[in-house]
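Trainee: Start from chain A and add chain B according to the hints.
2 protein chains.
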Amino acid sequence: MVEKGFKEVSEIMKIFLDCIPCFVRQALDSARLATDDERIHEKVVREVLRLAADLDMSQSPPAIGQHIHRLIRKMVGNDDPYYELKQRFNRLAMRMYIELAQRVRESENPLETAVRLAIAGNIIDLGVKTSIAESEIEKIINDSLTADFDGQQIEEFKNAVNQAEKILYLADNAGEIVFDKFLIEQLPHEKITVVVRGRPVINDATMEDAEFAGLTEMAEVIDNGSDGPGTILETCSQSFRERFENADLIIAKGQGNYETLSDIDKDIFFLLKVKCPVIAEDIGCKVGRMILRKSNSFKSVDNLIMEAE
Amino acid sequence: MVEKGFKEVSEIMKIFLDCIPCFVRQALDSARLATDDERIHEKVVREVLRLAADLDMSQSPPAIGQHIHRLIRKMVGNDDPYYELKQRFNRLAMRMYIELAQRVRESENPLETAVRLAIAGNIIDLGVKTSIAESEIEKIINDSLTADFDGQQIEEFKNAVNQAEKILYLADNAGEIVFDKFLIEQLPHEKITVVVRGRPVINDATMEDAEFAGLTEMAEVIDNGSDGPGTILETCSQSFRERFENADLIIAKGQGNYETLSDIDKDIFFLLKVKCPVIAEDIGCKVGRMILRKSNSFKSVDNLIMEAE
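Here the protein sequences come in this chain order: A and B. For the first sequence, counting from 1, position 149 maps to 149 in the numbering used here; every step adds exactly one. Heads up, the numbering used here is the position in the second sequence plus 1000, with the first residue counted as 1.
Just chain A, with the same shape it has in the complex:
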């Protein structure tokens, strides 16, 4: 049963064979975060290999991730193996916050600077995955202010935000969520509802992270009821699905939200750092690129006028 406005699951960005080695790598990383017991690491890897061998390839990568990380959490006996890391990256981001907030204020184009920082914060995800050094994260964030940026649509983004009444801002990771504040500060807060994951999965932001970041003091924050590392609508709560259906603009952060929503028939702006070749090929850009891009099915008021003419 497909709801109004949602495309069939089979049209969502599918898992690629290239994703499978990454799933195995991530399973091992998660197991090592949860326990030092090497027998459990081996058990987790073997179990994930078995699961992957019989994988339904019509699912999106975050849908597979949801299954795999449920399995891992069960096997390691830990509901939130990334808890410490999320805390660490939240604190790191908070330490950088004040200086960067000043950079936004002093910027010639505060909106663009805030968009850049919101996207750059997405690198903290990479940090979790590859044990990148904190000093390197700071460098990458600073570089993001001048780096190449696919932001041709920033004016359209501004207009869409102004025209919309109900905006959902789908957050991505802990740490990164602190950087979302730069952008939300530039937008009309009263229209915006920030959405976090319903339960812990990998390093994705939950309500606790939103509270730590101080987002709950700036805007309404809700959770989507799901433990998927993206926005897998079928697994979200009914109340979130209604909010999604009724929103007239979605701002979606990160690869997970892109992978699960890129073909949804909805007005969406995706903000992400492209971190893998599969996404890069789908978007048609190089790995490392910062992206602000509207969904294919986007119907802004301009588009509607054009179509009416």
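A couple of the hints might just be wrong.
Straight line, CA to CA, 25 Å or less: simulated DMTMM-like cross-link-like pairs of lysine to aspartate or glutamate [as the list claims (entries may be wrong)]:
{"no.": "1", "chain 1": "A", "residue 1": "Lys286", "chain 2": "B", "residue 2": "Glu1136"}
{"no.": "2", "chain 1": "B", "residue 1": "Lys1286", "chain 2": "A", "residue 2": "Glu138"}
{"no.": "3", "chain 1": "B", "residue 1": "Lys1299", "chain 2": "B", "residue 2": "Glu1234"}
{"no.": "4", "chain 1": "A", "residue 1": "Lys43", "chain 2": "B", "residue 2": "Glu1047"}
{"no.": "5", "chain 1": "A", "residue 1": "Lys275", "chain 2": "B", "residue 2": "Glu1134"}
{"no.": "6", "chain 1": "A", "residue 1": "Lys286", "chain 2": "B", "residue 2": "Glu1134"}
{"no.": "7", "chain 1": "A", "residue 1": "Lys294", "chain 2": "A", "residue 2": "Glu281"}
{"no.": "8", "chain 1": "B", "residue 1": "Lys1043", "chain 2": "A", "residue 2": "Asp18"}
Derived by calculation from the structure, the hints in this document are not laboratory data.
Mentor: Coordinates of chain B only, in the frame set by chain A:
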């Protein structure tokens, strides 16, 4: 049954959980080289995942690679999926040969320059794995002449070569084998026998590559009778094992030979570019490092004199 001079297999460098995502990635690369049929790619990946799920972790990574690549060759119906790539990298290396030979001749320390180039040639392996551009390979090779180099043992290497009567030079990959000529030219040819793999596996050099590179005109070249991507003595021919046993010095190129021989009780000099974190940790260095290092059990004449005193 363990032969004289060989340690038990369990003491050879074991596979690590970290190797498994790489095996899956390599299986996919191989399948794609062999055929454009995506159904076969998927079949190969699923089969390798199943094999990996029940893996005997006491084997060395090349021993696993040997099994996996036999399976892949059978599934794709191609005895040598890397054939075209090997040809391409042989030709690339040959194009670079004349200019680099001049660099060796004009060098203040021709032996060190030749060792550096022989190790740098090992990067061509990385080229196969990650589709690195040819221009980038040329840059890396040139950089290798000045890069950090763990070559403290180059004088010892020189002495060991002078003292030895029978030297086996274990080659690694196609393309790279052209660069081995720089080093073999600096050594007493008549003592040296170059060893290639017995049958094609991944991009490893076979007799055809040795002939193309012109190595057969410089020194004796034999094959080891095996299709393992390393020197897995148990799977080599009896005649090679006898040559190995009787040699008084082994020069072993690349990671595969390191992984299979690092704990063998034999006088070995390993020459390799460290390409993965597992090897880097084993050696105690950073990824990317060029290494010339003798085996732990190395007994040069100096060592024997010291032990006798």
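Trainee: Can you confirm whether the C-alpha distance between B:Lys1299 and B:Glu1234 stays at or below 25 Å?
Mentor: 24 Å, holds
Trainee: Compare the distance between the alpha carbons of B:Lys1043 and A:Asp18 with 25 Å, and conclude whether the hinted pair is satisfied.
Mentor: 14 Å, holds
Trainee: So if I understand the rule, the pair passes when the alpha-carbon distance is 25 Å or less; does A:Lys294 with A:Glu281 pass?
Mentor: Since the Cα atoms of A:Lys294 and A:Glu281 sit roughly 17 Å apart, the hinted pair holds (cutoff 25 Å).
Trainee: Tell me if the straight-line CA distance from A:Lys275 to B:Glu1134 falls inside 25 Å.
Mentor: Between A:Lys275 and B:Glu1134 the Cα gap is close to 24 Å, so the pair holds against 25 Å.
Trainee: For the pair supplied as a hint, A:Lys286 and B:Glu1136, confirm whether the alpha-carbon distance does not exceed 25 Å.
Mentor: Holds, because 17 Å separates the two Cα atoms, which is no more than 25 Å.
Trainee: Given the proposed pairing of B:Lys1286 with A:Glu138, does the C-alpha separation stay at or below 25 Å?
Mentor: At roughly 22 Å apart (the allowed maximum being 25 Å), A:Glu138 and B:Lys1286 satisfy the hint.
Trainee: Take the C-alpha atoms of A:Lys43 and B:Glu1047, compute the straight-line distance between them, and say whether it is at most 25 Å.
Mentor: At roughly 19 Å apart (the allowed maximum being 25 Å), B:Glu1047 and A:Lys43 satisfy the hint.
Trainee: Mind checking the alpha carbons of A:Lys286 and B:Glu1134 for me, to see if they're no more than 25 Å apart?
Mentor: 19 Å, holds
Hint violations for this structure: none, all hints satisfied.
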